[in-house]
Amino acid sequence: MFIALVGILIYVSENEERWSEFKQPIRATLVDPDKKWVRTTFLVALPLFVGYTTFQQTRPRIVAPIQLRSIHPAPPGSITFRGKTINLTGLENPLRTTGSMEEHLKVGRRVYYQNCLPCHGDRIDGQGHFGHGFNPTPLAFETGTIGMLTESFVFWRIAKGGPGLPREGTPWNSAMPVWEDFLTEEEIWSVVIFLYEQSGLQPRRWEAEPASGGEHD
Amino acid sequence: MTRPDGRMGGWADGPARLWAVAVLAIALSAHPPVRLAAQDVQAGKVVYDKWCAECHGETGAGDGSAAKWMLPPPRDFTRATYQIRTTASGELPTDADIMNVVDNGMPGTAMPGWSGKLSAVERRNVVAYVKSLSTFFEGAAPQAIALGKDPGGGAEAIAEGRQVFEKLECFKCHGQTGRGDGQSSPTLKDDWDFPIRAADLTQGWLFTGGNSVQQIYTRMRTGLDGTPMPSFSDAVDAGVLTDEQLWKVAHYVRSLSPERPPQVRDVIRAFLLAGGVPAGPADTTWTGVERFWVPLVGQIVIKPRWFIPSVTGVWVQAVHNGQELAVRFSWTDRSQSPERAWDEWLGRVVQGHEMSDAPVPDRQGPDRLWVQFPKQVSDEAERPFFLGGTTRRPVYLWRWTSAPDAVEEGSGTGFGQFAAASGDVEVTHGARYDAGEWQVQFTRALVPGDSAVAPVFAAGEPIPIAFFAADGSNGETETRGAVSAWYAIYLDVPTPPGVYVAPVVAVLLTAGLALMVVWRAQKQSRT
Amino acid sequence: MRHCTRQALSLLFLAGATAPAMAQVTGTVKFTGAAPANPKIDMAEEATCKAKYTTGPTDPVVVVNKGGLGGVFVYVKSGLPAGKAAAATTPVVIDQNGCLYHPRILGVQTGQPIEIRNSDAVLHNIKAVPKKNRGFNISQPTAGMKSTRTFPVAEMAIPFSCNVHGWMKASVFVMDNPYFAVADENGAFSIKGLPAGTYTLEAWHEKFGTKTATVTIPASGAATATFTFAAS
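Protein chains in written order, with my numbering: chain A, 1 to 217; chain B, 1001 to 1527; chain C, 2001 to 2232.
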């Protein structure tokens, strides 16, 4: 808007004639006796407006302390799951290559509805009937976030929960339970399958080999 | 439309008529009446199996795998008993009635609204499928009942509505203040013998059928099938009350809830008072103090979890006078636990629901309210874990119980892990139970005697605060109840004079400048 | 037997049944052993109802007098041809008095009007939860109010209850024919109008379950049947 204003001023001041033409109504307002009321109105309104704006700037504002949070913290290379070490790098969902997908989906669906639904919701949009009580609110799965993540990342988040977040993820605010206390490894992998199936998203896959000389994106 | 010969055409002309018909056809197809054809049922089953079956069950009997983790439990479609309808008591719902709940969900329950998630076609199909789950719908054509006209609201209507509310004895279930603590409330059950609560009329935003006057009136006309809430249409027909009086009861009920659902704010303000802080929760000073709503939800994070909490939230008010801070809480609790009459209720809870992680105690405990602060309030962004703190970062707690009526003060190093402070307790309290509502006030000096036990409350900066509430007669305990996230409480400071000085200076400067500009311009034009 | 012949026979049978007949089955439902005490009802919170009792009210689940068990529903379980009898139009009354249903056990025919009355000056709601019929839940806030409902489908033991007074309970039996009776407080019952033949009767009690008895009604018209329930 400022640039537009400057542009207009440049245009109108291009030559004397145009400049006097432009100044004419302004001068008239300031000087003409029959425009006295217009003048008076401006003289009253402008200072009051400035005063009001200043007050808005100076009055004490109460703001909640800002809690900066990294939404996608870097995952660790490996985790322990009930004492067993699991290497996350390069790890794909083992259930996708063993057993029946239908069975896995059935288990995953049951696990989700019995454990996750109150926060993450029936619509998997983070608006379960308890979702509004927590801050930050539960993750919405259907927005596409998990499409950017590997299944091993999702496994880590579920197994280790809020307390498993690094400091930049504000673990002290997270209501995400530590699911390794409640679920088996297979149940967690199953619910991961359910999340992708229900949201229609595809997980990010580890590359078979790193691109030669390139970055791992 | 101008014809080739120059005359203006009229609406009855051929092409115009065609256009009109086309527009009408398009308009009608965009909003077709809710008509369901046989093939919709199969398409509906696909939707149902993906989004509904795990709660409502494969056969629609309300016995999905998640059912025992919810109260109220998911609807059993096989009996074709529906709560929110426009048809007479015991009647089937219309298609629009079922669609209404599919679209908008049921507030206060686990049933979400699907209008943003499923397409209109998908929702129509799933309605057709849901109907097919009960033979009652075969060949049936339920009709909405005729409803009267709203005579209008206002103070008089509300007062008369209150009188009719008493005459009809609504308080027997809903209680004198509408909080659902009436004498028969402990024994209420639904058609499937699950425990059910009379609605808290002060939390209208949680009404399953909506909170407008029209919606409330319609519920009283039709009754809520499957629940203890009866229809009053027979009473109107019998002349016990007029239709207008029923509308006025609806106006009265509407007046018990706030105009709008309470906005949740991150910061609770403790207002600065001159003089002493209120003596107790019944002190009249509190009526002028703004209240802040904090929603509470089930503690489903740490074992043993609790999926069916009784308390939905607390109202918080706070004041301080530079020396003492007083914080008052009020919330709906239909019982003063432990209360013998509610043993029957607890029995139903234990029977009907899956108690994750550990069995529910079969004896009622007391009601509880905990207020939690970080033990060390610091500038750092990092705080103790919101659920009870940790050993590394403990929390400071005020733990109130209803029986005995007492407050413990001390530190928490984890959820359910509490060490009472030795020595004198800094915080005092007062508690009062009034017609379905607990009112509890905590008072403490801003600067405590022993700051190793209790943190200093400094004015002018937000202090993290969190809450936990439990209803003993619902089987809730010191770890099973309803929790909140971290909020903040801010103790107001007197406004520094500079706040007022700067705007005044700005006004004067601007006025002065403006006058100068005008004077110069006028001087120039005179010369 | 050909279908239309069977239909004609049924019609004849039903026509004969509606005519006044001397045929009847009378009998007693006996009770052996000590009658268990009925649970006490705490009506402290409903003074209007409590005032109607001189001795603390109890829930009349088990009614035993002179060795007979009352409140038993007796009906013909088998032996009748299929089909519905002519509709009965006389309303059957169930009354709420003293915060209890009177009678507690009620038999009606399909389509027969049930008149629900409130004789208490307090709020009652009458909730019927059938399985084969559509139910209802109606409010009767004042004494003198009457509401009428019917059930079109035969069904056993439809529970009626009041949510304001959780102890109130009644069981309503909806039958396709008029051959049923409720035993009185001494256990006596009589079912009129059954034509000659062999039938299985069943007696149903809320607490003690069911007992059956076979009865043969001779051409002359009268027969007796006895049921015996025992304390557990």
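In short, the hints are calculated from the structure, not lab data.
Beta carbons: idealized from backbone N, C-alpha and C, even for Gly.
One or more of the hints may lead you astray.
[Said to hold, decoys possible] Selected chain C positions facing chain B (in silico; Cβ < 8 Å):
id	residue
1	2127
2	2154
3	2156
4	2158
5	2165
6	2169
[Said to hold, decoys possible] Calculated cross-link-like contacts (lysine-lysine; reagent style BS3-like; alpha-carbon spacing at most 30 Å):
id	chain 1	residue 1	chain 2	residue 2
7	B	1303	A	160
8	B	1068	C	2131
9	B	1068	B	1050
10	B	1050	C	2131
11	A	106	B	1149
12	B	1167	C	2169
13	C	2050	C	2084
14	B	1167	A	106
How the hints compare with the structure:
no.: 1; hint: 2127; verdict: holds (7 Å)
no.: 2; hint: 2154; verdict: violated (16 Å)
no.: 3; hint: 2156; verdict: violated (17 Å)
no.: 4; hint: 2158; verdict: violated (12 Å)
no.: 5; hint: 2165; verdict: holds (7 Å)
no.: 6; hint: 2169; verdict: violated (12 Å)
no.: 7; hint: B/1303 / A/160; verdict: holds (15 Å)
no.: 8; hint: B/1068 / C/2131; verdict: holds (23 Å)
no.: 9; hint: B/1068 / B/1050; verdict: holds (19 Å)
no.: 10; hint: B/1050 / C/2131; verdict: holds (29 Å)
no.: 11; hint: A/106 / B/1149; verdict: violated (50 Å)
no.: 12; hint: B/1167 / C/2169; verdict: holds (24 Å)
no.: 13; hint: C/2050 / C/2084; verdict: violated (42 Å)
no.: 14; hint: B/1167 / A/106; verdict: violated (53 Å)
Consistency note: the structure conflicts with the earlier hints numbered 2, 3, 4, 6, 11, 13, 14.
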